[in-house]
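So you can see what is in the structure, the chains are spelled out below.
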Amino acid sequence: MVAAPTMEPTVRVRDLCHAFGIKENRKRVLRNNNLDLMPGEIVIMTGPSGSGKTTLLTLIGALRSVQEGSVFAIGRELRELSPAQLVEVRRGIGFIFQAHNLFDSLTAHENVSMAVELAACGRQERDHRCAEILSRLGLRERMTHKPQALSGGQKQRVAVARALVNRPKLILADEPTAALDKDAGREVVNVLKTLAQEDRSTVLIVTHDPRILDVADRIINMVDGRIVSDVAVRPTMLIVESLQKCPIFAQQPVSMLAELAAFMQCETFESGHVIIRQGEIGDKFYTIESGSVDVTAEKAGQPLKSLTLGPGDFFGEVALLTGAPRNATVTAREQVQVFTLAKDHFEEALRRSKTLEERLRDVLLRRV
Amino acid sequence: MKIAEKAGRRTEARMHRTPLAWRNIVHNKVTMLFSVAAVAFAIIIMFMELGFLNGLYDSQTGVIAFLRADLVMVSRALHIITAHEPFPRSRLEKVAGLDGVSGVYPVYLEDIFSRLRNPKTGIKHHIRVIAFDPGDPIFQSRRINLLADKLRSPLTILFDDRSRRFFGPLRSGMKIELADRAVTVAGTFRLGPDYHYDGNLLASADTLFQLFPNQHRENVFLGLIQLKGDASPDAVVRELNRRAGPDVEIMKKSDIIAREKANWQKTTPAGYVFTMGVAVGFVIGIFICYQILYIDISDHLSQLATLKALGYQNRDLVRQVLTQGALIGVLGFVPAVAVTLGLYSVLTTITGIVTKLTFGRIALVFVLTLGMCLTAAGLAVRKVIALDPAELF
Numbered sequence: 155m156v157a158a159p160t161m162e163p164t165v166r167v168r169d170l171c172h173a174f175g176i177k178e179n180r181k182r183v184l185r186n187n188n189l190d191l192m193p194g195e196i197v198i199m200t201g202p203s204g205s206g207k208t209t210l211l212t213l214i215g216a217l218r219s220v221q222e223g224s225v226f227a228i229g230r231e232l233r234e235l236s237p238a239q240l241v242e243v244r245r246g247i248g249f250i251f252q253a254h255n256l257f258d259s260l261t262a263h264e265n266v267s268m269a270v271e272l273a274a275c276g277r278q279e280r281d282h283r284c285a286e287i288l289s290r291l292g293l294r295e296r297m298t299h300k301p302q303a304l305s306g307g308q309k310q311r312v313a314v315a316r317a318l319v320n321r322p323k324l325i326l327a328d329e330p331t332a333a334l335d336k337d338a339g340r341e342v343v344n345v346l347k348t349l350a351q352e353d354r355s356t357v358l359i360v361t362h363d364p365r366i367l368d369v370a371d372r373i374i375n376m377v378d379g380r381i382v383s384d385v386a387v388r389p390t391m392l393i394v395e396s397l398q399k400c401p402i403f404a405q406q407p408v409s410m411l412a413e414l415a416a417f418m419q420c421e422t423f424e425s426g427h428v429i430i431r432q433g434e435i436g437d438k439f440y441t442i443e444s445g446s447v448d449v450t451a452e453k454a455g456q457p458l459k460s461l462t463l464g465p466g467d468f469f470g471e472v473a474l475l476t477g478a479p480r481n482a483t484v485t486a487r488e489q490v491q492v493f494t495l496a497k498d499h500f501e502e503a504l505r506r507s508k509t510l511e512e513r514l515r516d517v518l519l520r521r522v
Numbered sequence: 146m147k148i149a150e151k152a153g154r155r156t157e158a159r160m161h162r163t164p165l166a167w168r169n170i171v172h173n174k175v176t177m178l179f180s181v182a183a184v185a186f187a188i189i190i191m192f193m194e195l196g197f198l199n200g201l202y203d204s205q206t207g208v209i210a211f212l213r214a215d216l217v218m219v220s221r222a223l224h225i226i227t228a229h230e231p232f233p234r235s236r237l238e239k240v241a242g243l244d245g246v247s248g249v250y251p252v253y254l255e256d257i258f259s260r261l262r263n264p265k266t267g268i269k270h271h272i273r274v275i276a277f278d279p280g281d282p283i284f285q286s287r288r289i290n291l292l293a294d295k296l297r298s299p300l301t302i303l304f305d306d307r308s309r310r311f312f313g314p315l316r317s318g319m320k321i322e323l324a325d326r327a328v329t330v331a332g333t334f335r336l337g338p339d340y341h342y343d344g345n346l347l348a349s350a351d352t353l354f355q356l357f358p359n360q361h362r363e364n365v366f367l368g369l370i371q372l373k374g375d376a377s378p379d380a381v382v383r384e385l386n387r388r389a390g391p392d393v394e395i396m397k398k399s400d401i402i403a404r405e406k407a408n409w410q411k412t413t414p415a416g417y418v419f420t421m422g423v424a425v426g427f428v429i430g431i432f433i434c435y436q437i438l439y440i441d442i443s444d445h446l447s448q449l450a451t452l453k454a455l456g457y458q459n460r461d462l463v464r465q466v467l468t469q470g471a472l473i474g475v476l477g478f479v480p481a482v483a484v485t486l487g488l489y490s491v492l493t494t495i496t497g498i499v500t501k502l503t504f505g506r507i508a509l510v511f512v513l514t515l516g517m518c519l520t521a522a523g524l525a526v527r528k529v530i531a532l533d534p535a536e537l538f
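Protein chains in written order, with this note's numbering: chain A, 155 to 522; chain B, 146 to 538.
Just so you know, the hints here were simulated from the structure itself, not pulled from any lab data.
In this text, a Cβ means the ideal position worked out from N, Cα and C, and glycines have one as well.
Pairwise CB distance ranges (calculated):
{"id": "1", "chain 1": "A", "residue 1": "281", "chain 2": "B", "residue 2": "174", "range": "25 to 33 Å"}
{"id": "2", "chain 1": "A", "residue 1": "162", "chain 2": "B", "residue 2": "173", "range": "45 to 53 Å"}
{"id": "3", "chain 1": "A", "residue 1": "281", "chain 2": "B", "residue 2": "436", "range": "35 to 43 Å"}
{"id": "4", "chain 1": "B", "residue 1": "436", "chain 2": "A", "residue 2": "286", "range": "38 to 46 Å"}
{"id": "5", "chain 1": "B", "residue 1": "484", "chain 2": "A", "residue 2": "298", "range": "32 to 40 Å"}
{"id": "6", "chain 1": "A", "residue 1": "382", "chain 2": "B", "residue 2": "173", "range": "46 to 54 Å"}
{"id": "7", "chain 1": "B", "residue 1": "173", "chain 2": "A", "residue 2": "306", "range": "17 to 25 Å"}
Take these sequences, add in the hints, and give me the full structure.
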């Protein structure tokens, strides 16, 4: 979903830095981050633990005071606000946590009602709002049940209802599906998506759950306190699908592929274009999406070998693995579409996955 | 107008809040039972200690309350009623004709040579003998005033039914042995023992002098003074004190009761011991209530932090915890009163000392209970205030 350019973002983060601890123990967790979230957008934030995504989420959610840089959320600049004012801002934000955090002693209706009680409205209006949101979440028959009598998915939907009942313009969710099985997780995310779109709310979800990546319009990847990629989901999903066709990647978890995909560039070469020249320094790894290439190597002017690679094949890895110059020349036979991965990210991927490295060596062995 | 409307709606919203504090208490019935029992235990401790203390005060001043008088004359040397310190009868007669005085009545007391033999066991026990002139209307109870007529027969006594049991069951018409002389029980009345005396007898002054040669009509223990209807007690007290003589003192009945209580509190360890007992119960109650609330808060940390994330201010959550504390106190208070009533009646049966649960005393313990629970809630709520919703992520 692309927002009109004149629209004011729901969240605008500028030059945001954050650190914990004092003096010698001071640890920077966020470095110079910029981010815009537009109304109606669903954005997923991923990244290794400790990468600062939770800190970013809590800063946007007015749960922490801004130290350096600026955070503008739902119409307020948070930097200048006192702790009491931050509490006021939070009332306009819907929070969903990994655990449902419902009171066991209260019914579904009452748990949701706790959120409405902050708004000055009469009892009738309150009951109406609670009943409406619970119905929209498919919990009409469960309103008077206590959490004990609800399934995991139903409990999380009550928590979603609690977050959405005041129709917040911004919804922040932290691993909302982590405690749920596949179907329940799917159900919660779908419902979240539908409601957010109906109300044109902005949703930011921190998750490691690859099963829900497709609900997002954008995926943000954080590493080491910095947003390292911010990509629209559709291309990423295409890359993941393509990578899954590659023998060496097929066994890798989707989450890892999605992460890799975020770093991959799509490049197209016309027929006859020399993609890699023997003797050059290797800086990229290639997988073929469509088309085919010729691989030729020579020694002292004599051709050594020649082979043709097609969709799903890969090349360029030897120079990256050994650090030696390119050992062959690769030329496009026809129009070729490839995804490329820079050396740093390739090495990082190998470090993270033993099976990937083994498979790679396996394939290489057979090819030689 | 708009502000007023908004405020009105806010008040309405507050009135219909989800009763979270109550729900948290009643959610787990077993936990609730233990919590209520534990708090009730502390409240019962306070009730019992206060009961002992009040039992002491009530029983020590019981004899004065038992007698009918507007003013009481005692020796200036007397600091406490149990200290037997007589004064000359002439002092009482001197004030009899003064303005506002309608009657003066001497009361005599013997508690040293007055040993009563239990007719069954043969064992002798000290008993207090209160003597007066039959016909003097000196008792609050009309029945006893009438019954006192029987004491005109020589060597007859009235026996206090509430006396400790070791005097034996004495019924009207029985012959018993008092100070090695045979006397006849002419009837019974109810006053009750105290921490000093185990029992009481009523006798005519003549019988007293007959039984105890050390006693003399001139040595009065208490002078009861009754006033005319239109007399101002305070003015008469001032006038009588000026006229009666330097060795006696005249006080309003309520004042001498108050002085008696104060003396017991100050001059005996009992007052301190029981007051300390109430304090101990209070502190135990704080610990118990704190523990209950602390556990409940610890069980709901993520939920409470979620409320903070939703936009609840600290004061909203403080109110929540204080309400929960007060509710636990009230829930514990009800069974505590019931158990206390039972224990008081057991105590009364065993010791003969009447421990009364007046409205004022119930109110006092209720206030102490609330103080105890709110203090505990105040301590426990610090954990809630320190909660950081950012840590939920």
